[in-house]
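Undergrad: Residue numbers (the working numbering), protein chains in the order written: chain A, 1 to 114; chain E, 1 to 109.
Calculated from the structure, these hints are not laboratory results. Any given hint could be a false lead.
Looking from chain A toward chain E, a few residues come up when the C-beta cut is under 10 Å (computed) [as the list claims (entries may be wrong)]: (1) Leu46; (2) Tyr50; (3) Ala93.
Chain E regions said to be covered by chain A (calculated; three or more residues, Cβ under 8 Å) [said to hold, decoys possible]: (4) 30-43; (5) 98-107.
The beta-carbon is built from N, C-alpha and C at its ideal position, and this holds for glycine as well.
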Amino acid sequence: EPEVTQTPSHQVTQMGQEVILRCVPISNHLYFYWYRQILGQKVEFLVSFYNNEISEKSEIFDDQFSVERPDGSNFTLKIRSTKLEDSAMYFCASSGDWSYNEQFFGPGTRLTVL
Amino acid sequence: KNEVEQSPQNLTAQEGEFITINCSYSVGISALHWLQQHPGGGIVSLFMLSSGKKKHGRLIATINIQEKHSSLHITASHPRDSAVYICAVSLDTGNQFYFGTGTSLTVIP
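Next comes chain A alone, as it looks inside the complex (with noise of 0.2 Å):
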């Protein structure tokens, strides 16, 4: 069965390095999200993704994050200058349509910034 994957599973940085968070989505889907999960709080919405740019945003995705879809298969999270309180559980999903809009979760990666 088709999954979401993402690498790595966890990242340990240093406050102020940047950090790459790479996602490869189910190959036939076309809209791409990621999400956060600071420990203990619930899952919140940063960014999706369609058609090569953000379709959407919230709050939290500031300047200091960006979103790319480098080639035909893989869909990252960049942010730049790590802060401590980026360190989170990072969800990246996938989904087929817009109208069906069930979407597919990866296994996290969790981001520790020291």
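Could you slot chain E onto chain A? The hints should help.
TA: Positioned in the frame of chain A, the structure of chain E alone reads:
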């Protein structure tokens, strides 16, 4: 702003018990989703509902659009059902999910 409220926050049940988790939301939605998050963190989609009722194995999800309320039921609960169950909604105006805080379920053998 859409608020998604879940109750209870925590639930402990004996194996075999019938379990109900509730979700209410405040604005019009295109669909409501029930998700399961395992202790390792992974999220699995259980149901997507826009009306009525769906059943999958021992899981049943219902939604009342007029009352802006949904319930997730687990029949004959089992310790492997222990997880966090999350309600999320997607709006007519966009495709992002708004998440509830989750219900942490522990089923004791």
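Undergrad: Which hint numbers doesn't this structure obey?
TA: No hint contradicted; all consistent.
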